[in-house]
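Student: Per the numbering used here, the sequence shown runs over residues 881 to 1298.
Calculated from the structure, these hints are not laboratory results.
Incorrect hints may appear among the rest.
Unchecked claim - If you anchor each label on the Cβ, the simulated ranges turn out as follows:
{"hint": "1", "residue 1": "R1220", "residue 2": "G1199", "range": "13 to 21 Å"}
{"hint": "2", "residue 1": "R896", "residue 2": "E1247", "range": "43 to 51 Å"}
{"hint": "3", "residue 1": "V937", "residue 2": "V1002", "range": "22 to 30 Å"}
{"hint": "4", "residue 1": "R896", "residue 2": "R1033", "range": "20 to 28 Å"}
As the list claims (entries may be wrong) - In silico EDC-like links for lysine to aspartate or glutamate, alpha-carbon gap of 16 Å or less:
{"hint": "5", "residue 1": "K1206", "residue 2": "E1274"}
{"hint": "6", "residue 1": "K942", "residue 2": "D929"}
{"hint": "7", "residue 1": "K1154", "residue 2": "E1274"}
{"hint": "8", "residue 1": "K1206", "residue 2": "E1193"}
{"hint": "9", "residue 1": "K942", "residue 2": "D930"}
{"hint": "10", "residue 1": "K1206", "residue 2": "E1263"}
Note that the Cβ used here is the ideal one computed from N, Cα and C, for glycine as well.
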Amino acid sequence: MPVRLGLQRQAWANFRRHASRGALRVGALLAGDLVSFLLMRAFVQAVRDDAVLGTGVANLVKVVLARGILNGWQFGVALVISLVITGCYGPGDQPRGLRRLFAACALATAMPMWAALWTRGVDLALLQYAVTTLLVWIGVSGERLATGVLMARLAPPRREVARTLFVGTPAACREAMTGGPRAGFVDVATPPAADALGHVEDLPALLHDSRADTVVVCSQLSDEVETTLAAGCRLLIVPQAAAVGSTMAIVWQGDRPLIEVTTPALKGRQLFVKRAVDIAGALLGLTIAAPLMLIVAAAIRLDSAGPVIFGQERIGTGGRRFRVLKSRTMRHGAPDTAHRELIRRLQADDPPSAIGDRQVYKLTGDERVTRVGRWLRRTSLDELPQLLNVLRGEMSLVGPRPPLPYEFEGYDHWQFDR
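Construct all of the structure, not just a fragment, from the sequences and the given hints.
Tutor: Right under this line is the structure:
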């Protein structure tokens, strides 16, 4: 369990690391695209004003390049929108693909030139469209190539690649690991190779110890692929790494396509929106429920001795401990022995009670619960103070129930995937 808990904590660090890398990459590409557009606009304006290349070229440019198409901010916005639509800010090397960039430039040029198609004639408008698209494509392609080279030199690649772990046969892993230092590889054969970090059965511990944030699953299918394609057959490959509920996308690294497998989890912007909704919902809920919470507090005080609010230690994300707040529904100081036994039997798949043919997975007839407490539990009003936990970022309005420490200690490895 310590290894699985460590991996859960490590997952958040890996998420932040990947998010920062993605934000840096998109920011660099966006800045480069805008600088490229400004340089192209300045160059075209200089040529048009006969400042460079001579009068003949200036007159030609005035004919084949529509006036004003590169002068306003509209084309810059159209270019960025088109690059987003065509996926030119995505991961991997494919955003620098020439065909993808050409499609983006063609779309960007079509947006501001749509009106010219009806006012300047089809022939002239198409000529201006083709020349403008070609010019922008050359400029953006050169800028993307330069940005890639600059980022490769400025970014410290050793730290990033050193966090990459390869899993597969020794030959396939060694071939994929060429080009720089890596965390190492995990062998799928028994016994593992001498230069392997270990066997695939030890993957959780190896991930924890190596602090890897990327895993590449390698396979050796080159002979089978060549034979199948030589026969003219359609080749379909079942991804062995796919899991139930996972999503897959193709990411290009150089000329090699990789399948990225991810779980359907919230990403950076979605997490920000979710947190904003949690804060707004908690503030609104506390404002509306404040009078009701005062009535509940008075009822608890009149019914039994003890504090109105009960704080219970729970386990949050990454094993972080916090005190969940609830309106007290039990006698003050009541022992939790019965509930501990319930949890033990539930985790042993031995529910202790039943109503008719239906198993009951909670304590029935619990004498520790007060009269007001029974009513609060039926209506779930005892959970209203948890809005304060939501406001403090310890819980979410929508999410799994934080487990108790003695419940958490009995978790199996698969339960950490929630």
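Student: How does the Cβ-Cβ distance of R1220 and G1199 compare with 13 to 21 Å: does it lie in that range?
Tutor: holds, 20 Å
Student: Hinted pair, alpha-carbon criterion (16 Å max): K942, D929. Please report holds or violated.
Tutor: holds, 9 Å
Student: Evaluate the given range 20 to 28 Å for the C-beta pair formed by R896 and R1033.
Tutor: holds, 25 Å
Student: Holds or violated: are the alpha carbons of K1206 and E1193 at most 16 Å from each other?
Tutor: holds, 11 Å
Student: Between V937 and V1002, is the Cβ distance one that fits in 22 to 30 Å?
Tutor: Once the Cβ atoms are compared, 25 Å apart, the range 22 to 30 Å for V1002 and V937 holds.
Student: Check the hint pairing K942 with D930 against an upper bound of 16 Å on the C-alpha distance.
Tutor: Since the Cα atoms of K942 and D930 sit roughly 10 Å apart, the hinted pair holds (cutoff 16 Å).
Student: Need the status of pair K1206, E1263: alpha-carbon distance at most 16 Å?
Tutor: holds, 5 Å
Student: Quickly compare the C-alpha distance for K1206 and E1274 to 16 Å and report which way the hint goes.
Tutor: holds, 14 Å
Student: Is the hinted pair K1154 and E1274 satisfied, with a Cα-Cα distance of at most 16 Å?
Tutor: Answer holds: K1154 to E1274 is near 13 Å, not above 16 Å.
Student: I want to verify a distance hint. Is the separation of the beta carbons of R896 and E1247 within 43 to 51 Å?
Tutor: Given range 43 to 51 Å: holds, Cβ gap about 47 Å.
Checked against the numbered hints listed earlier, the structure breaks none of them; every hint is satisfied.
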